Amino acid sequence: EQSGEHGVPRGNRVSRVNKSGSMNSKSFEQDGQAIQPLRLKAKDAEFLQESWKVFLTRAGGLEPAGQEFYRLLFEKEPELKKLFKVPEMSQQAAFMRAITRYVSLL
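Residue numbers for the sequence shown follow my numbering, so the first one is 1 and each next one is one higher.
Just so you know, these hints were derived from the structure itself, not from any lab.
Treat the numbers as computed from the prediction; the structure is a model and nothing was measured.
Quick reminder that beta carbons are idealized off the backbone N, C-alpha and C, glycines included.
Take these hints with a grain of salt, some might be off.
Stated by the list, open to error - Simulated crosslink set (DSSO-like; lysine-lysine; CA at most 30 angstroms straight-line):
no., residue 1, residue 2
1, Lys43, Lys53
2, Lys53, Lys76
3, Lys53, Lys81
4, Lys53, Lys41
What the hints assert, rightly or not - So the derived label-pair ranges between C-beta atoms look like this:
no., residue 1, residue 2, range
5, Arg58, Arg101, 14 to 22 angstroms
6, Ala42, Ala98, 16 to 24 angstroms
7, Ile35, Ala94, 17 to 25 angstroms
Let's have the full structure, built from the sequences with the hints guiding it.
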């Protein structure tokens with residue numbers, strides 16, 4: 001089995017992402033209950049990484065993918081738009097970078 005980041009075998013890697021999208025060593029909580037870290041087999045992580053690359057290619061890159069994601073989100077749930085205080089383009093870019101980073105660390 002190949003070793004991933006920090007020498008941890010890929011099949012035993014634990015992905016942990018906090019609410020801001022940055023990596024840390026803690027689980028987070030929801031309604032007072034600890035949410036367990038995501039544990040993926042190496043083949044599943046590789047499948048997700050490859051699927052993300054295909055998605056971005058078909059979408060035409062990060063920017064168009066982010067635009068379409070938010071277009072669909074606000075089309076289906078227009079009341080959510082008022083929750084976003086930063087400019088839409090900035091939010092789209094930050095979200096897509098965070099998801100891309102998360103997927104790359106699986």
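List of violated hint numbers, smallest to largest: none
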